[in-house]
Structure formats: structure tokens, C-alpha cells
Amino acid sequence: FGLEYQRILKDNGINLVLQPSSGAPENLQRLNDGNSSVAFVQGGLGPLTQGWQDEAQDTPLRSLATIAYEPLWIFSCTLDLSGGLGALAGKRVAVGVAGSGNYRVAMDLLKAYGVIDAQGRPVGGTTLVSAGGLAAAHELERGQIDAVVMMVAPQSLAVQRLLANPAMRLASLAQTEGLARRFPYFQSISLKRGSVDPQHDLPPHDIALLATTANLVIAPSVHPALAYLLLEAATRIHHGATLLNRPGEFPSPKATDFPLAEEADHYFRSGRPFLQQYLPFWAAIFVQRLIFLLVPLLAILVPLLRILPPMFHWKQQSRLYHRYGELKFLEKDLASRSLDAAQREKAHAQLDRIENEVVQTKFPLDYSDRVYTLRQHVDYVRAQIDRQIDHFAEHPPT
Numbered sequence: 401f402g403l404e405y406q407r408i409l410k411d412n413g414i415n416l417v418l419q420p421s422s423g424a425p426e427n428l429q430r431l432n433d434g435n436s437s438v439a440f441v442q443g444g445l446g447p448l449t450q451g452w453q454d455e456a457q458d459t460p461l462r463s464l465a466t467i468a469y470e471p472l473w474i475f476s477c478t479l480d481l482s483g484g485l486g487a488l489a490g491k492r493v494a495v496g497v498a499g500s501g502n503y504r505v506a507m508d509l510l511k512a513y514g515v516i517d518a519q520g521r522p523v524g525g526t527t528l529v530s531a532g533g534l535a536a537a538h539e540l541e542r543g544q545i546d547a548v549v550m551m552v553a554p555q556s557l558a559v560q561r562l563l564a565n566p567a568m569r570l571a572s573l574a575q576t577e578g579l580a581r582r583f584p585y586f587q588s589i590s591l592k593r594g595s596v597d598p599q600h601d602l603p604p605h606d607i608a609l610l611a612t613t614a615n616l617v618i619a620p621s622v623h624p625a626l627a628y629l630l631l632e633a634a635t636r637i638h639h640g641a642t643l644l645n646r647p648g649e650f651p652s653p654k655a656t657d658f659p660l661a662e663e664a665d666h667y668f669r670s671g672r673p674f675l676q677q678y679l680p681f682w683a684a685i686f687v688q689r690l691i692f693l694l695v696p697l698l699a700i701l702v703p704l705l706r707i708l709p710p711m712f713h714w715k716q717q718s719r720l721y722h723r724y725g726e727l728k729f730l731e732k733d734l735a736s737r738s739l740d741a742a743q744r745e746k747a748h749a750q751l752d753r754i755e756n757e758v759v760q761t762k763f764p765l766d767y768s769d770r771v772y773t774l775r776q777h778v779d780y781v782r783a784q785i786d787r788q789i790d791h792f793a794e795h796p797p798t
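Counting from 1 along the sequence shown, just add 400 to a position and that's the residue number in this note's numbering.
FYI, nobody ran anything at the bench for these hints, they're computed from the structure.
Certain hints may be false.
[To be verified] Below are the DSS-like pairs computed for lysine-lysine, each with C-alpha atoms no more than 25 Å apart in a straight line: (1) K746 x K728; (2) K491 x K592; (3) K491 x K511; (4) K746 x K732; (5) K715 x K762; (6) K728 x K715; (7) K762 x K732.
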């Protein structure tokens with residue numbers, strides 16, 4: 401699956417680096433250590449399926465979805481395991497590499513059936529073999545072991561090889577429902593008759609299997625936009641049918657091992673974000689960032705835009721009021737005393753200056769009436785000065 405995710409993200413301009421690991425526990429450790437941003441994590445390793453609600457609240461990790469069943473395949477050559485795994489006592493059993501998720505699940509089941517004790521020590525001559533995948537399949541075919549317990553996807557080469565081998569027997573456990581109650585990370589599923597090879601009727605009957613669900617888990621450092629892109633990739637990759645599920649069952653927000661990410665909750669309720677529905681990923685991110693920049697700016701500009709018009713009008717009015725103040729002072733001065741020639745000349749200069757300033761100032765159109773009124777008042781005061789000149793011409797001082 402990793403290569404498919406890498407290809408889809410590359411098509412959207414994201415470079416996904418794949419990191420080989422020994423299994424789900426190492427993947428989980430890398431997420432917690434900050435060495436990985438995204439990982440596949442086997443069901444049963446997270447706090448929710450363990451019933452650790454407090455730990456679930458504290459963990460920073462989040463599930464985007466469950467993406468596939470990971471069945472527990474138990475193959476043998478001659479053993480009848482339909483009644484339970486107690487028949488493995490005294491046998492050579494491959495349980496996966498120590499420390500892997502496969503190993504942990506196998507040990508849980510073998511303890512439940514008394515094949516190993518509470519400390520994980522084999523009883524009754526049982527031999528636990530640290531092998532998994534194709535290596536374990538080869539050992540079973542050669543008769544080097546009696547059974548193999550492996551937890552892998554049905555598409556894996558080891559499973560396909562053993563299913564195609566008529567000498568191999570796949571265990572159909574009669575107690576899957578009960579075991580799923582005992583171990584909350586398990587689900588009871590069925591491999592239907594003929595689903596592997598209809599022509600040869602393989603399997604010849606329905607097989608009851610235990611399975612966990614693989615989680616797509618992200619670290620808190622993953623950007624929400626990238627989380628949506630990962631969900632879109634998961635839908636494209638896991639939406640189809642497999643041997644164990646119908647189309648559309650995955651990806652799913654159900655039965656996750658970690659709390660569901662907010663982006664995943666929104667995705668499964670409403671689909672992709674609006675911008676990503678109509679724009680390429682890079683363009684959607686650019687527009688989203690632009691919006692994030694503009695929203696705070698608008699939050700500042702909107703109040704300013706409301707304040708600016710009153711401030712502008714106040715500024716224009718203050719210009720007029722200032723001229724009116726000068727004019728009023730000059731008019732009072734004329735009324736209080738008689739001016740000589742020099743004073744009258746100075747008063748005329750002041751009036752000319754006031755009028756020129758009014759004419760040169762660019763007032764809005766709706767201030768035209770007030771501007772003309774001010775100029776009329778200037779002319780009125782100028783006329784008063786002229787009347788003083790006429791009066792002194794007719795009655796010169798003695």
C-alpha cells in the first residue's frame with residue numbers, strides 16, 4: 401500500500417518517503433518519537449481497543465481511518481484446529497518475529513488456549529519459532545514446522561502461496577465470536593467458499609477467521625490539508641472489494657485504535673473540503689493560505705472602513721471651521737475699531753489668503769454648498785472693509 405500512497409501524493413506535489421520497519425509496534429514507536437508522520441498501525445496496539453480511555457485522551461496520535469482487515473491466518477498440514485488452538489500444544493509453531501504485532505497477537509491466543517503459560521513460556525513441549533511471512537510458509541511446506549500463525553493482508557504472497565497449496569489446511573475457528581469478545585481488537589469475519597479460486601472451489605467451505613483492522617495513523621505535526629489528501633488517497637486505494645470485504649467498507653471511521661482526527665470526522669460526514677473539490681491540491685492550499693491571511697486583515701479593515709468616512713468628514717469640516725474661525729475673528733476686529741490704511745490692507749490680504757486656501761483645497765462634491773457659503777462670507781467681510789474705506793473717504797479724520 402505504501403507505494404500507492406507515494407504515487408498519489410507525488411501526483412499532488414508531495415514527496416512521501418517510505419521507511420521500512422519490522423512491523424506495527426516499530427511504526428507506532430516512530431510516530432511517538434517524531435521520526436515518522438504517518439504510519440500503518442495494526443489493530444490492538446492503540447488505547448481504544450484496549451479500553452484505555454484515559455490514555456486515548458492523552459495521546460497526541462490520531463487515526464484517519466481503518467483501511468483494511470488484517471486476518472489471523474493459521475495454516476497447518478495435518479492438524480485439525482477447528483475446535484481451538486489447544487491442538488498446537490507440543491507442536492512447532494511459527495508465531496512471527498519477536499516484537500512484531502503478529503507475535504503479540506499469536507502469544508495472546510496461545511495463552512488463552514494454554515499452549516504457553518502466563519509468562520509466555522511454552523508448555524507441553526511446544527516449540528515457538530520466530531518466523532513469519534514467506535519464510536514461515538516455506539518452513540511449513542518443508543515440514544520444518546507444524547503450524548504457522550500469521551497476521552497479514554490476504555494479498556500477501558505468503559497467504560496466496562499457502563491458499564493455493566492443496567496440502568495446506570486453513571483453520572476455521574469455531575470460537576471466533578467468543579474470542580472477539582475476549583480480545584476487543586478482534587472481529588469475527590468470514591472467508592467465503594470459492595472466493596479464492598471458484599474453479600477449484602477454494603476454500604471448499606466458509607472459513608471463520610479472526611481479524612484486526614489496520615489503522616492509518618498520523619502524528620500531530622501533520623497539516624490538516626495533508627490529512628485530507630491522505631484520506632482521499634485511502635479512499636482511492638481501499639474503497640474496492642477484497643476477499644474479505646465488500647466495496648465501500650473501507651476506509652472507515654469505525655473501530656479505530658486511536659481517537660478519530662477532526663479532519664477525518666469532517667471528511668466522512670461531508671466529504672472533501674470545498675476548495676479541494678474544484679482545485680488541484682497545490683492550488684487549494686494556496687487559496688486556503690491566502691484566505692487565512694486575508695481574514696485577519698479583513699477583521700482589521702472592516703472597523704477601519706467604518707471609521708474612515710466619519711474621520712474624513714470631520715477633517716473636511718475642521719478645514720472649513722478653521723477658516724470660519726479666522727473670518728469671525730477678523731469680522732469682530734472690524735466691528736470693534738476703525739482700521740487705518742495699513743490695517744485695512746492687511747485685513748484684505750488675510751481675506752485673500754482665506755479665499756485662496758478654500759479654492760485650492762479639494763473638497764468633496766457634497767461640500768460645495770458650504771464652500772460657496774464660506775466664500776460669500778469672505779466677500780461680506782471684504783465689503784465691510786470697503787465700506788470703512790468709503791466712510792473715511794467722505795469723513796476724513798481731523
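Against the structure, the hints come out as follows:
1. K746 x K728: Holds. K746 to K728 sits at ~16 Å (cutoff 25 Å).
2. K491 x K592: violated (29 Å)
3. K491 x K511: The hint holds at about 15 Å.
4. K746 x K732: holds (15 Å)
5. K715 x K762: Holds - the C-alpha atoms of K762 and K715 are around 12 Å apart, at most 25 Å.
6. K728 x K715: holds (20 Å)
7. K762 x K732: Distance ~28 Å between K762 and K732 Cα, so the pair is violated.
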